[in-house]
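Here is how the chains run, residue by residue.
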Amino acid sequence: MSILLNKDTTFIVQGITGREAVNLTKECLDYGSKIVGGVTPGRKGREVHGVPVFDTVEQAVDNHGSQIDGSIVTVPPGFTKDAVIEAIDNGIKLVVVVTERIPRGDVAEMVEFAELNDARIIGPNCLGLIVPEVCKMGGIGGPAKDASKSYKPGVVGVMSRSGGMTTEISSSLTAAGLGVSTAVSIGGDAIIGSTYAELMPYFEADEETRAIVIYTEPGGRMEAQLADWQAENNSRLPIVAFMAGKFMDDESMKGMTFGHAGTIVEGKEDSATEKIKRLEAAGITVVERIDEIPDAVKERIGS
Amino acid sequence: MIFYEYEARRIVEAAGIPVTRYGFCQTPEEARKIAEEIGGPTVIKSQVLTGGRMKAGGVKFADTPDEAAQYAEEILKLEINGHMPVGVLVDPKAEVKQEYYASVVWDSTAKKPLMLFSDMGGIDIEQVAEEHPDHVGRGHISNLLPVGDYEAKQVIAATGVTGSQLNRATPILAKLARLFREKDMILAEINPLAELTDGTFVALDAHMEMEAEAEGRQKQLLRKDLGIAEEDTRDSYVPSEFEKNVKEIDAADHRGVIQGKDHGFEGNLGLVIGAGGGSLTLTDAVRNQGGKPANYSEIGGNPSVAKACGLAKEVLKKDGVEKIAVMMSIVSNTRVDIVARGVIKACLELGKDPAETIAIFRIPGAWEDEGNKILDYYGVEYCDRSVSLWDAAGRAVAKIQEGAGA
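Same order as they appear, the protein sequences are chains A and B. So that you can map any letter, position 241 of the first sequence is 241 in the working numbering, and since no number is skipped, the others follow by simple counting. So that you can map any letter, position 206 of the second sequence is 206 in the working numbering, and since no number is skipped, the others follow by simple counting.
These are calculated hints, taken from the structure and not from any lab test. Relax, there's no trap hidden among the hints.
A few chain A residues that don't get close to chain B, going by computed Cβ distances all over 10 Å:
| no. | residue |
| --- | --- |
| 1 | T9 |
| 2 | T17 |
| 3 | G18 |
| 4 | G32 |
| 5 | R46 |
| 6 | E47 |
| 7 | G50 |
| 8 | D55 |
| 9 | S66 |
| 10 | D89 |
| 11 | K93 |
| 12 | A205 |
| 13 | E232 |
| 14 | S235 |
| 15 | A282 |
Examples of chain B residues lying across from chain A (beta carbon under 7 Å, computed):
| no. | residue |
| --- | --- |
| 16 | S108 |
| 17 | E213 |
| 18 | R287 |
As the structure is a prediction and not an experimental result, all values here were calculated from the model. Think of the CB as a built atom: it goes at the ideal place given N, C-alpha and C, for glycine as much as any other residue.
Chain B with its partners taken away, still in its complex shape (with noise of 0.2 Å):
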């Protein structure tokens, strides 16, 4: 789960990490009312899941409460990036003396948290990291002991941050290394950190990110005090139709897992494969051999006829699919038979032959023999173990390549 800035900012707030007094509001009779009780200059911000606001004209500074009205009028009408905003943050106009930049994220390699800090804040942490390394400071938190304030100080120290700044950093990075570990997340960052000309910190920008796992733990955070609702997914790009329904068949039994993704392809061999790792595998050797994948499935822990069926019909009522391949590494749970009476139940409630529509079938392993005789009955082609992914792949690549040319 992606979060909005304005959500993340309360959520550094609730860690007691300081903020402005800003604003989240959806007209622009609302953006003239914050401006007016924040009683000064400020700044209209865009609130989209997109980076590069502020090029794309979604961040604007305003004098004045009616000029904020405006700029909100103007923004909230302004796509970015193919996303539309969902409200706008006021946010009084800081008198920033010095930009830092506060971070934790995950290091795979170490298990633990990583806290990062710069005194470069406001532009990307990864140019820093490049060209001046040594404004950087890193440190990993424990995953069992609580995080010591003498930790983020160390982290801050590093970058040659001394004197009162340091002091007043210190709470703020080791409050947020506790917030990551607390709420689950995967990024939680403070962007720039703010001192402004009185010597007081504010987090001016927030990034956070949470696990998609630990969700259901989080509820209090999510539903409660964010209220975004259940089916507020924020999925990087809007599922298509064929990913939608796949989903559907999915959830309606419990029993194996099947799933289903067409973004970015649009061919015209269906596939229908699995598990994780042959799904990759297989994607990568059909395109390898010039063939034109029209989605990308996984099927796996042992589904039931209908649920393999369900998705060999959506798959096969796809756009431009003239043949599917049925096709997955040596199965050890789910069985063979199974598949094999769903992909041609599938074919059959469309009105098709199994035998012309399966350009092949390769999944050996458990109740094969009984996958086979099912397979024999209908004509279609299959093969075992002794044929590679690659070259089960290579079939039906050929067959449809033959079809095309007849």
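Same shape as in the complex, but just chain A (with noise of 0.2 Å):
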């Protein structure tokens, strides 16, 4: 049915306050979400949208009485590394951080420090997930009323480094009748908290989940790490794959960075031609044409 939330996912946003925090508290709370609190230092005894404000993570844990599963992390990037650490150190176990421009030294620390609390992070600059008509955690969609346009429970787990692709990609899968199972955008950035094959094992062990879809650019080993893993784990699940930003292979675009921090062509093994022959070689089916996405999946599955 999904991955990573469920109904009863409770969690707290960390900057509430900020005007686009703000307005993704709303969103979140409109679609159904469960957020149980918010955090800015200093601000402690405000309400957001009817949410409860404290001064630190540990004093919103108190306020609900048990643990929470999930924090957003959206404050300045200066800031976000003590915020995630201060999230996972009180007991946290999913961070959507969506904070743009954080030096990758930063993402790798708190990245490490998920890994040995078994957190896990999603971003950063990601527009989080969402589970249609149960959950969604982060500004993924829009609007409660948008999102519920784009997104419909269906078969397909997608996962993108574009926010805006994500719900462009799941729309027309939902126009299509096969609906969306879970969808993550995982963030543009060179180093990111979870990668396509990291969340692969979550989607495997989900029933409901019958297909992947991944939009990809150039830059970056991730396609690489995901075909090696559909080439050694035999996966139940058939892949589709959009590769955007082609002409970035053009010799006169190479080295300059496109969309994304991690959208850069240093070698060629980044390349777009490249990571297209191994997504290929693994079995992963590559589309051309974004609006081949829906018939490509009906064909993997058979249906």
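Quick one: dock chain against chain with the hints and give me the complex.
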């Protein structure tokens, strides 16, 4: 039925009094998510759309009276590492990091801390994740009424390096009657908390999920890692991939970054052409056009 | 931020890694003076941010201070791969017994820095790794724990290096790893790391690159220690007029983000597109259907009317642009009506008919009904989410080709 989130998932928002965080809190509450607190140092005692604000994560956990499952972190880049570690140190196991432009040394540090504490980080530089009609954790899909248009429950797990394309692709899967089991905006940075391959075991264990769609870009080795995972694990899940940014393979575009921070072609290995080759060699269907995704999924699951 | 060799040497020197007694200068006279102080044969090296200096004649060996001055003069005038040097480095000619390689880079799969060491220095490490894998040692370091000397030792010992060489190289690699983490580098490389005939080790050349996102917290190093000016961004190419203007418009208003690039693009279809992933998808979709984009752009984060208008105007002002296509993946934050207002305003202010100028408007999502009303009023063709990004791009291409045929 879903990965990482369910109807009982509780979470907090760190940085809840920020302009974007206030909107995001409303969107998630409207969608039915259980936000049990917010944290902004020095703002204890306030409320954001009825959610109590605390100075520390510890206070939020005390107030809740039992463990809190997750946190959305949307604080400025210089404060993000500390906020993420604070959440994990207070027993939170799922952290969605929305913040952009965090130095990768900080990202790597919080990811290593998460690993040591059996916690999982999604992002940074992401819109979070959504289980259609159950729970939305992050800005993914936008306001509840818009999210409901794009996301209907179904059989496809979606993972995307682009937040916007997560919704674009999910909307096309919804329109085609396939629907979405869980969609995850994994983030566009060079180092992220959860890669495709690292999330595959969750989808593998989710009975409702019958296929995976990934949106991918040039730069990095995440696709090679997924290809290796697929080749080694004999997964029951067919994967359909769409690769954007093929124009970046042109010689004149070498060394330039387009879109996300992680999108830069430095060597031969991280070019679009090379990645497509690797994915296909691992039995992953790579579609040429974005609108071919739903049919390719139907073909792979035989419906 | 990519560093010149003379800056990279200062960085490794400050980390306690031995270097030769080099000098950086910008005139032949200064070069002569440094060579006199060194008092022996010298190497004059062009300071440029590009490879292949040696081949291009940017590195020369001088026996006397006069020769040093003469070579400095030649090298200061020599353009290498389109780059003029910012100066020359005057280095004592080292008596090298053996060359090694030491570096630290990010391994994004392991999410940890990776130390690399080889006893075959001076040449391209990728080639060594391919042809002599047993001569390359590797080891990850933790992001949380301090780097231990033993970790560097293991990496070096894995290449078969032992004896005093192992003991002298170990602290150098460990210090390089510490500096990589402390100074937010994405590349820290010493090549060659030289063992001199007297048995000592020195860094003869170094390459350093700092992550852009970390520059704000490395001001001490950048502005004070190295004296690099704020505006010295060291982009790998000179930004175009279009790119500069878009950047200015973006900086003038904190709401939303716009970006524009036209390096490598010279078509007739202007693209006003977004966001990150949508822009990549749409640029491919236009090109793969025979269209010729005039630029790449990104809109995101709910920009103001002025910002959307500013981007559209800059695109329309580009040479050879006949029409613009305004397209995004489904938006949840950016408002459709605001972008619609912005692009129509741009057309009107430039005396163009929006219905003629905007080949297609495809932005579904937040406030789309309000946006559609405005587009209807001006007769602009638009489409909703049932038209894919591919098909929307196709319509724009078809329209501009019809126009060309007529």
